[in-house]
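J.: The lines below spell out each chain.
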Amino acid sequence: GIQVEQSPPDLILQEGANSTLRCNFSDSVNNLQWFHQNPWGQLINLFYIPSGTKQNGRLSATTVATERYSLLYISSSQTTDSGVYFCALGTNAGKSTFGDGTTLTVKP
Amino acid sequence: DSGVTQTPKHLITATGQRVTLRCSPRSGDLSVYWYQQSLDQGLQFLIQYYNGEERAKGNILERFSAQQFPDLHSELNLSSLELGDSALYFCASSAGPHYEQYFGPGTRLTVT
Numbered sequence: 014g015i016q017v018e019q020s021p022p023d024l025i026l027q028e029g030a031n032s033t034l035r036c037n038f039s040d041s042v043n044n045l046q047w048f049h050q051n052p053w054g055q056l057i058n059l060f061y062i063p064s065g066t067k068q069n070g071r072l073s074a075t076t077v078a079t080e081r082y083s084l085l086y087i088s089s090s091q092t093t094d095s096g097v098y099f100c101a102l103g104t105n106a107g108k109s110t111f112g113d114g115t116t117l118t119v120k121p
Numbered sequence: 160d161s162g163v164t165q166t167p168k169h170l171i172t173a174t175g176q177r178v179t180l181r182c183s184p185r186s187g188d189l190s191v192y193w194y195q196q197s198l199d200q201g202l203q204f205l206i207q208y209y210n211g212e213e214r215a216k217g218n219i220l221e222r223f224s225a226q227q228f229p230d231l232h233s234e235l236n237l238s239s240l241e242l243g244d245s246a247l248y249f250c251a252s253s254a255g256p257h258y259e260q261y262f263g264p265g266t267r268l269t270v271t
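As given, the protein sequences belong to chains S and X, one line each in that order. With the numbering used here applied, the first sequence corresponds to residues 14 to 121, in that order. With the numbering used here applied, the second sequence corresponds to residues 160 to 271, in that order.
With the rest of the complex left out, here is chain X (with noise of 0.2 Å):
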């Protein structure tokens, strides 16, 4: 157990639609990061936040919004779904931005 928690585990949702996934760092990180992985395309990188303010941005569409609340959580937000948006969501924390990167459970999500 790697102390990240994501939730939901599975989510099953249809095109068009818009879901929110979430994610609890370790106790103590500050950096919390958010990554796709699909079949096609491997581990993506999305986005990074560090102490609540956006820090580095990678393959994230416009579709997709996140945000890290003052207590640290933070939500990946992914609305008018598409077929090709089913993937695993990965959050990771770490305690700043160059430390080890520690990995929830992923939510895998499924668009129909």
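Same shape as in the complex, but just chain S (with noise of 0.2 Å):
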């Protein structure tokens, strides 16, 4: 089936800060969707981008399908941007795989 790897698996980060995100999948994909996981267990969606660039506030996302990566681009973080990010993949087969996730702390 196809890999999904995320990087960095671990972020820590001082309020206001920026970071980058990255997904890297080893297969053609039909959606990406990116999420985060907050402190109380829910998954909140992020964007659904298969591919090209969206922006939602302080949030950003970019997908790059033909050469399987997505980026998502967090700024001015705040402490509330705290959780589990993972980007999520689905395929013409009809599965969805999940990857690891990186698990971002911010500071106050």
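By construction, these hints were calculated from the structure, which means they are not laboratory data. Here the structure is a predicted model, which means the values were calculated and not measured. The C-beta atom is built at its ideal place from N, Cα and C for all residues, glycine as well. Among the hints, a few may not be true.
[What the hints assert, rightly or not] Now the in silico label distances, taken between C-beta atoms and shown as ranges:
id, chain 1, residue 1, chain 2, residue 2, range
1, S, G29, X, R222, 40 to 50 Å
2, S, G29, X, T271, 14 to 24 Å
3, S, Q91, X, R222, 23 to 33 Å
4, X, G243, S, N69, 35 to 45 Å
5, X, E221, S, S88, 43 to 53 Å
6, X, H257, S, E80, 41 to 51 Å
7, S, D113, X, L242, 21 to 31 Å
8, X, G201, S, T66, 25 to 35 Å
9, S, Q91, X, G201, 19 to 29 Å
[To be verified] What the simulated footprint calls covered on chain X by chain S, stretch by stretch (three residues with Cβ under 8 Å from a Cβ of chain S suffice, anywhere in the stretch; the number is not a length):
id, segment
10, 177-189
11, 219-229
Assembling the complex is the task here: the two chains are given apart, and the hints tell you how they should meet.
T.: Written out as structure tokens, the structure reads:
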């Protein structure tokens, strides 16, 4: 099946800093999503981005499908950004694969 | 609130027992997905249904089964439970197989 690799596995930032999270994948995909899992376990949709670039406030994402990677940018980080960030991919066969996540800790 | 509902929120049961987890998708969504999140294996895709039919199968054990009913709600049945089945079980829904998925709050299963 498709392999998904997220980096870095852990990230510690000071409030106000910027960061880039990466998701590499091994095969072509039909869809790609970024999620934030908050400390209460909720999975919150950030972006549905099989290709191209999107922005939502302090967050933006870019997927380059031909090179099999996606990036999530967080600017001016806040303590509420803490949690685990996952990328998830869907293939033509209908299966979904999540990466192992990046655990972000933002310190005040 | 994603619009996906799951019941119950928490479930504590003993080894060897059987439980049923329930999911109601967002209004209008035809696809339902089940996932298992455990500490040692991360988020694992179990199964996908589309408009009542099984569409894709992932790492679902033979002791587990699921179905999607005509009203589009779905149930995940877990039987002969083992300690290792303790996990957070998520349901997600989407308009169709390649559309954006929205996740419910999850059911936390503890097997003792």
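J.: Would you mind marking each hint as holding or not holding in the structure?
T.: Going down the list of hints, with the structure as the test:
For the hinted restraint 40 to 50 Å between G29/S and R222/X, the CB-CB distance of approximately 49 Å keeps it satisfied. In this structure the supplied range 14 to 24 Å is violated for G29/S paired with T271/X, their Cβ-Cβ distance being about 45 Å. Q91/S and R222/X have their C-beta atoms about 43 Å apart, which leaves the hinted 23 to 33 Å range violated. For G243/X and N69/S, the hinted distance range of 35 to 45 Å is satisfied, since their beta carbons lie about 38 Å from each other.
For E221/X and S88/S, the hinted distance range of 43 to 53 Å is satisfied, since their beta carbons lie about 47 Å from each other. At about 21 Å, the CB distance of H257/X to E80/S disagrees with the hint of 41 to 51 Å. At about 23 Å, the beta-carbon gap between D113/S and L242/X stays in the expected band of 21 to 31 Å. Checked against the hint of 25 to 35 Å, the pair G201/X and T66/S passes, with Cβ atoms roughly 27 Å apart.
Range check, Q91/S to G201/X: about 26 Å between beta-carbon atoms, so the 19 to 29 Å window is met. Coverage of the segment 177-189 of chain X by chain S is violated. Counting CB-CB distances below 8 Å, 0 residues qualify, and the rule asks for three or more. Three residues within the 8 Å Cβ limit are the bar, and the segment 219-229 of chain X against chain S gives 0, so the coverage statement is violated.
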